[in-house]
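**Q** Protein chains in written order, with this note's numbering: chain A, 925 to 1334; chain D, 925 to 1334.
Hints should not be assumed to be uniformly reliable.
Pair ranges (Cβ atoms, derived) [as the list claims (entries may be wrong)]: (1) Thr975/D / Gly1175/A: 13 to 23 Å; (2) Lys1294/D / Gly1310/A: 48 to 58 Å; (3) His1030/A / Lys1294/D: 16 to 26 Å; (4) Arg955/A / Gly1286/D: 23 to 33 Å; (5) Glu1263/D / His1030/A: 33 to 43 Å; (6) Gly1063/D / Gln1272/A: 26 to 36 Å; (7) Ala1217/A / Asp1324/D: 39 to 49 Å; (8) Tyr952/D / Lys1264/A: 31 to 41 Å; (9) Leu1050/A / Asp1261/D: 24 to 34 Å; (10) Ile930/A / Glu1299/D: 48 to 58 Å.
For lysine-lysine, the following DSS-like pairs were computed, each having C-alpha atoms within a straight-line distance of at most 27 Å [said to hold, decoys possible]: (11) Lys1277/A / Lys951/D; (12) Lys939/A / Lys1023/A; (13) Lys951/D / Lys984/D; (14) Lys1264/A / Lys984/D; (15) Lys987/A / Lys951/A; (16) Lys984/D / Lys1308/A; (17) Lys1264/A / Lys1264/D; (18) Lys1020/A / Lys1264/D.
Hints are computed from structural coordinates only; laboratory data are not their basis.
Built from N, CA and C at the ideal position, the CB exists for glycine as well.
2 protein chains.
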Amino acid sequence: MNHISIMKGGVTAPKGFQAAAAAAGIKYRGRDDMALVYSQKPCQAAGVFTTNVVKAAPVKWDKKVVDTSPFAQAVVVNSGIANACTGQEGYDCCVKTAKAAGELLHIPEDSVLVASTGVIGAQIPLDRIQEGVKLLAAGLGADEAHGTAAAQAIMTTDTRRKETAVTVEIGGKTVTVGGMCKGSGMIHPNMATMLCFVTTDAAISHEMLQKALSDDVEDTFNMISVDGDTSTNDSVLLLANGMAENAVIEGEGPDYDSFCGALHQVMLKLSQMIAGDGEGCTCLFEVTAVGCASKEQARTLAKSVVTSSLTKAAIFGHDANWGRILCAMGYSGADFDPEKVDIFFESQAGKLKIVENGTSTGYSEETATKILSQEKVTCTMDVKMGDASATAWGCDLTFDYVKINADYRS
Amino acid sequence: MNHISIMKGGVTAPKGFQAAAAAAGIKYRGRDDMALVYSQKPCQAAGVFTTNVVKAAPVKWDKKVVDTSPFAQAVVVNSGIANACTGQEGYDCCVKTAKAAGELLHIPEDSVLVASTGVIGAQIPLDRIQEGVKLLAAGLGADEAHGTAAAQAIMTTDTRRKETAVTVEIGGKTVTVGGMCKGSGMIHPNMATMLCFVTTDAAISHEMLQKALSDDVEDTFNMISVDGDTSTNDSVLLLANGMAENAVIEGEGPDYDSFCGALHQVMLKLSQMIAGDGEGCTCLFEVTAVGCASKEQARTLAKSVVTSSLTKAAIFGHDANWGRILCAMGYSGADFDPEKVDIFFESQAGKLKIVENGTSTGYSEETATKILSQEKVTCTMDVKMGDASATAWGCDLTFDYVKINADYRS
């Protein structure tokens, strides 16, 4: 795999991609709440979507586009209303949004993807969306600032915008992958999470693009959790327009590996950004299970700990309550010997072994509290059964999480 | 099934049972923190225990007593330290506790059950336990006040003691079933929950006693959740001493049904008391799935909604955020058609249909808020697929839950 370089910017970093933001007054006032991502050239499109039985209308529309359209060329996003549980009227709104954008951008309506995030159950005011689409089409730009404005517009309870980009050389050509995402609550992805848009100028077949994305979410977006609630709108969309002019990637090999490496960097960064900006959270909580008999076991253990309300509350309190961690491992469904487990806490303040062979090491609580008082805290559990490992990302459970969600709709 | 009458009291309500409480200074100061339940006559004993891979030492000891001892006659409980993740030393503590109690009560040590609740990972000070056992043996009494003192002593973060009792006539004899339990956090039972002790003077075989208990927990303790965390110490113990002098229940039939009916009343009441006293909670949240294709489907849907952090936070905010309910049903793993679902909210302030066929009924938010502002709130979801139903109990997610758990150990 070739060297991957991190660069500034997000969705507009790859060649040929433009973005725009606009204030359409969908729900929020006095801020941008719609975004458009557009590619000069038609793109191969891949997507992964929520596994929730209740799927928002845009998820249904986008699945159809990704699976049956010859290409995609634009994504229209609104924040404020999720367009979930909205019946035929909600689906019609997606079709009309795509049609309006298609006409303005001179592309087929079935090449326009749509995405929504916000309150479930409310209908989107179609007139405002159509007005918003006009503003977006007129405001497109290919520079970094336009990408950043789009990343800002798709936020709901997020406190920080989330974008990143990398480059990698493939067959003598510089390929760029950029992305943006939003997500802060209702985060417990299963196949995808909330809204994430990744662009690339790589030339790659539809089949390999979808494979790269589907494989990568297993180690990135499917390994984060804020509150255990899997959203109805989760979507990760990936557009590749081929403008890097590398030889088209049509199968596995070094080129595909380099592309996957670059994609992984972007997806990893974006998913961590979501976990670290979980509703009300004060720290990014990284949990790694090592010494596991299988990847599956490692994922199960890491996700169970990162999802435990009691563990998350202890992290908020900077309390090295390892009993809750061992407890959460124990009810995960994975089998292991509790009396062989070692547990470590680590942050920029240091590293400490808290548990050895299932019982306390007699560590200093003072040192532990210092380690746990940082913006990023890592917990590593070693079950000493094999070589497999997996990492999950989440956050602490705080007063503000409750505050935000006790009265989100008003 | 014969008529069941509710009566006052708890574990000492059935004939021949005594209880005691004592302050042993295990962790708490200035309050009772140990309890003893004792039967004048040897009892058949049944138990259900946590499915957590990490099992506390008392769970291991009690499983052995229930499975292999000819009878049981006493239960020694301490609150403050869970005796979980304590290795051989922790198990030895159980054996020595049983031995000390056995000597003082003149019964075999393998007829003494033990139970602990509190912090995971700390060793119990054996000398204090032994001193406590002496106080308990000397303080036994058969009246209601002694049962109540025991129910008080086993509390940790509970704000209310939890006890109840009922009588039922079996074969012309009055059979009494009484119980007490504790539990407030780390509540998401799987096979059992926290600590619950049920006594009865019914005459019943070991086999039928265990069957009655194992079947009943599926609809009671396994259907409550406070925070999704399944404890390492969950235990429900049931002792039957036969002193009601009914003909011994040795198989299914009307007598067994009457006994199960009485047992169910006690278990149901106790499990609801735990859910309604969840850490920091302001209301008991009851969730019923009806119109389901199978009992299994109904349980899955009800538990998913009652466990959803976002739904629980909305209940705290008296917010009829039905989108989160439909969302939690959707990710439960159960299959259903979202566009056929009806959702109702009910409390003593009234009943309201919020959702019909998957979308809002256009209900009054004001009326909904009034209904949601009561001490007990019921949500009913109808998926219109069949006749099966199930109910789960939980509570709202509040600032105080976070507060209690951010700093539980100190």
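**Q** Indicate, hint by hint, whether the structure satisfies it.
**A** Quick rundown of the hints versus the structure:
1. Thr975/D / Gly1175/A: 13 to 23 Å: 46 Å, violated
2. Lys1294/D / Gly1310/A: 48 to 58 Å: Given about 56 Å between the Cβ atoms, the range holds.
3. His1030/A / Lys1294/D: 16 to 26 Å: Once the Cβ atoms are compared, 53 Å apart, the range 16 to 26 Å for Lys1294/D and His1030/A is violated.
4. Arg955/A / Gly1286/D: 23 to 33 Å: 29 Å, holds
5. Glu1263/D / His1030/A: 33 to 43 Å: 35 Å, holds
6. Gly1063/D / Gln1272/A: 26 to 36 Å: With Cβ atoms ~54 Å apart, the hint is violated.
7. Ala1217/A / Asp1324/D: 39 to 49 Å: At 40 Å between Cβs, range holds.
8. Tyr952/D / Lys1264/A: 31 to 41 Å: Since the Cβ atoms of Tyr952/D and Lys1264/A sit about 33 Å apart, the hinted range of 31 to 41 Å holds.
9. Leu1050/A / Asp1261/D: 24 to 34 Å: 26 Å, holds
10. Ile930/A / Glu1299/D: 48 to 58 Å: Between Ile930/A and Glu1299/D, where Cβ atoms are some 54 Å apart, the hint holds.
11. Lys1277/A / Lys951/D: 26 Å, holds
12. Lys939/A / Lys1023/A: 25 Å, holds
13. Lys951/D / Lys984/D: Roughly 22 Å between the alpha carbons, so the hint for Lys951/D and Lys984/D holds.
14. Lys1264/A / Lys984/D: Roughly 18 Å separates the two Cα atoms, so the pair holds.
15. Lys987/A / Lys951/A: Between Lys987/A and Lys951/A the Cα gap is close to 26 Å, so the pair holds against 27 Å.
16. Lys984/D / Lys1308/A: Within the cut-off at roughly 23 Å; holds.
17. Lys1264/A / Lys1264/D: 49 Å, violated
18. Lys1020/A / Lys1264/D: 25 Å, holds
The structure fails hints 1, 3, 6, 17 (numbered hints given earlier, in ascending order).
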